[in-house]
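Chain A is fixed; fit chain B onto it per the hints.
In the order they appear, the protein sequences are chains A and B.
Following our numbering from start to finish, the first sequence increments by one per residue and tops out at 82.
Following our numbering from start to finish, the second sequence increments by one per residue and tops out at 254.
If you are wondering where the hints come from, they were derived from the structure by calculation, not from laboratory data.
Check before you lean on any hint, since a few could be wrong.
Interface residues of chain B toward chain A, partial, derived using beta-carbon atoms under 10 Å [as the list claims (entries may be wrong)]:
#  : residue
1  : Ile-24
2  : Ile-142
3  : Leu-170
4  : Lys-171
5  : Ser-194
6  : Phe-200
7  : Gly-201
8  : Asn-202
9  : Leu-204
10 : Ala-205
11 : Leu-236
12 : Gln-237
13 : Tyr-239
14 : Phe-243
15 : Leu-244
The model shown is predicted, which means the values in this text are computed figures rather than measured ones.
All C-beta atoms in this analysis are idealised placements derived from N, C-alpha and C, irrespective of residue type, glycine included.
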Amino acid sequence: MPIGGLVAIGAGIAVFTGIGAGIGIGYAASKAAEGVSRQPEASGKITTITLVASALAEATAIYGFVIALILTGKIG
Amino acid sequence: MDKLNNVLKANDIFNIHIFGLNIPISDSIIVMWIISVFLIIFAFVITRNLKTIPEGKQNFAEVLVEFINNFIKDNIGHHWRSFAPYLGTIFLFLIVANIISIFSIIPTGEELYKITGLEFFEHWPEFAIQPPTKDINVTATMGLMTVLLVLGSSIRFKNVFGWLKGLAKPSPIMIPFNILDYGTRFLSLSLRLFGNILAAFIVMELIYGLISPVVPAFLSLYFDLFDGILQAYIFVFLSSVYIAEAVE
Chain A
7 MPIGGLVAIG
17 AGIAVFTGIG
27 AGIGIGYAAS
37 KAAEGVSRQP
47 EASGKITTIT
57 LVASALAEAT
67 AIYGFVIALI
77 LTGKIG
Chain B
7 MDKLNNVLKA
17 NDIFNIHIFG
27 LNIPISDSII
37 VMWIISVFLI
47 IFAFVITRNL
57 KTIPEGKQNF
67 AEVLVEFINN
77 FIKDNIGHHW
87 RSFAPYLGTI
97 FLFLIVANII
107 SIFSIIPTGE
117 ELYKITGLEF
127 FEHWPEFAIQ
137 PPTKDINVTA
147 TMGLMTVLLV
157 LGSSIRFKNV
167 FGWLKGLAKP
177 SPIMIPFNIL
187 DYGTRFLSLS
197 LRLFGNILAA
207 FIVMELIYGL
217 ISPVVPAFLS
227 LYFDLFDGIL
237 QAYIFVFLSS
247 VYIAEAVE
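Pulled out of the complex, with its shape left as it was, chain A reads as follows (with noise of 0.2 Å):
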């Protein structure tokens, strides 16, 4: 039996972390704007703690993405 096809079908689960990542960053940014509609006064340290948590959340979908990486190289 064939392995590269089912290295590819891993490669394409790995980057199901992106769900992960989706849901964390939504969950920042809606948080962000519920913060910035009750203290306007705060929206500059407001979006850089939002940028800076997105882009932390955004790391697991990374990690999927460079396994997903790894693993197309294995493909015969």
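Just chain B now, with coordinates in the frame of chain A:
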């Protein structure tokens, strides 16, 4: 598939023979040399004949230095002065390194051959200005430098016994996890930078292949400029958070 592998593997331009060693020089190293030269010249030009009352380019330099100093001061606390120069340098370097692909105006050998029809260009080494941070060797070095700095500053500011005591901080059961923490910090720092820049690079290459005119320019604003600057900021932010944790 072949194109993806070409993106991933280091593209060696030429070799240096020294002390019987054969050191391959890849294009990411050459791009980093270019960035270093650019930053050194930039620093010399911008800080020439400084005055008490700033004007022109000195305003820009002061805003830049003040921004970096305040950023480090907010994160690290009263030891900030020892770390501000290093972290500021890393910040500037990473910004230029991440966004350098928007300056890729040098045509490749193949394109020159097509335009001019000269035989000479056919064997031109394949060199394109691409972000060096899409090479995992570069980002791994960056992550290693940060982790070594965290380790060194922890020993320097708390001396060896304080550092050993800090390893067993919440309770002695945590010692293996605290040691493991250095490895995971190194991995997460280097892989985050590498993955983001490589993903942005691949997406931009796909877009260039799909739709040529106008549209890539706007998407490049996000994928090259915004993402690159944000990732440089994140890297320096996380480094300073780790250092702050180490020296307190």
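A quick look at each hint next to the structure:
no.	hint	result
1	Ile-24	violated (31 Å)
2	Ile-142	holds (9 Å)
3	Leu-170	violated (29 Å)
4	Lys-171	violated (29 Å)
5	Ser-194	holds (6 Å)
6	Phe-200	holds (7 Å)
7	Gly-201	holds (3 Å)
8	Asn-202	holds (6 Å)
9	Leu-204	holds (8 Å)
10	Ala-205	holds (6 Å)
11	Leu-236	holds (6 Å)
12	Gln-237	holds (7 Å)
13	Tyr-239	holds (8 Å)
14	Phe-243	holds (6 Å)
15	Leu-244	holds (8 Å)
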